Amino acid sequence: MQIRLSQADDVENIVQLFGDSIHGLARQHYDEAQRAAWAPRSPDLAEWTQRLSTLTTLVAEDAGQLAGFLSFEDDGHVDLLYVAPHAARRGVASALYREAEHRLIALGAKRLYTEASLVAAPFFTRQGFHVVEEQRVERRGLVFRRYAMHKPLAPNPQGG
1 MQIRLSQADD VENIVQLFGD SIHGLARQHY DEAQRAAWAP RSPDLAEWTQ RLSTLTTLVA
61 EDAGQLAGFL SFEDDGHVDL LYVAPHAARR GVASALYREA EHRLIALGAK RLYTEASLVA
121 APFFTRQGFH VVEEQRVERR GLVFRRYAMH KPLAPNPQGG
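Sequential numbering from 1 applies to the sequence shown in the UniProt record's numbering.
What the hints contain is simulated information worked out from the structure, not anything from laboratory work.
Computed from a predicted structure; not experimentally measured.
Where is the CB? At the ideal position from N, CA and C, for every residue including glycine.
Keep in mind that a hint or two might mislead.
Simulated restraints on C-beta separations [stated by the list, open to error]: (1) D31 <-> A154: 34 to 42 Å; (2) L118 <-> E73: 21 to 29 Å; (3) S94 <-> G24: 17 to 25 Å; (4) T54 <-> D9: 31 to 39 Å; (5) H102 <-> G141: 35 to 43 Å; (6) R140 <-> E99: 27 to 35 Å; (7) R98 <-> A148: 20 to 28 Å.
Based on the provided sequences and hints, a complete structural model is requested.
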C-alpha cells in the first residue's frame, strides 16, 4: 500500500470512494435515507473540488486502486476519513491516520480534532481520541448523530 498526497485528477475517484464507503460500510448505523442524504448518488464534483482544495488530502492506493483517503486542515482538524469497502479492516485507515498525525505534528499542531460518525468513532477512540460531546447535525433535512472528538498531541521533540 502506498500513501501519497492527492492530485487534482483524484477527485472523481475520491468522490466515488466516499459514496461507496457510506453506502457500503455505514448500514449498521445509518438508515438508507440518511445514507442517501450524506452521499447522494449524483455528487457535485465542483463542490467536492472546492472543498478538497482547502484541505490536505492523503490517499492510500493498493495495486493502483484507491483504497482510502484522509483530509485535514493544518490546525489539526481531521475533516474526512473514508475507506473503500473492499479495503475495510485491512489497516488502510490506520496507515492514513499515522501519516496525517506525523505531518500535523511536524506542522506544530497541538491537538487533533474531528467530528466522527457513529461508524468512525471507535476507530478514533483506538487512536487516542476522546469524545467531547455528542452532536446532532442536519444534512439535507435529516438528522445525524456524530461525536466531536479530540486528541492532545505531545510536542515535537525536534521543535516542529
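For each hint, the structure was consulted:
1. D31 <-> A154: 34 to 42 Å: 40 Å, holds
2. L118 <-> E73: 21 to 29 Å: 23 Å, holds
3. S94 <-> G24: 17 to 25 Å: Cβ of S94 to Cβ of G24: about 19 Å, so the range 17 to 25 Å holds.
4. T54 <-> D9: 31 to 39 Å: This hint is violated: roughly 18 Å between Cβ atoms.
5. H102 <-> G141: 35 to 43 Å: 39 Å, holds
6. R140 <-> E99: 27 to 35 Å: Distance hint for R140, E99 holds at roughly 32 Å.
7. R98 <-> A148: 20 to 28 Å: 22 Å, holds
In terms of the numbered hints stated before, the structure departs from hint 4 and from no other.
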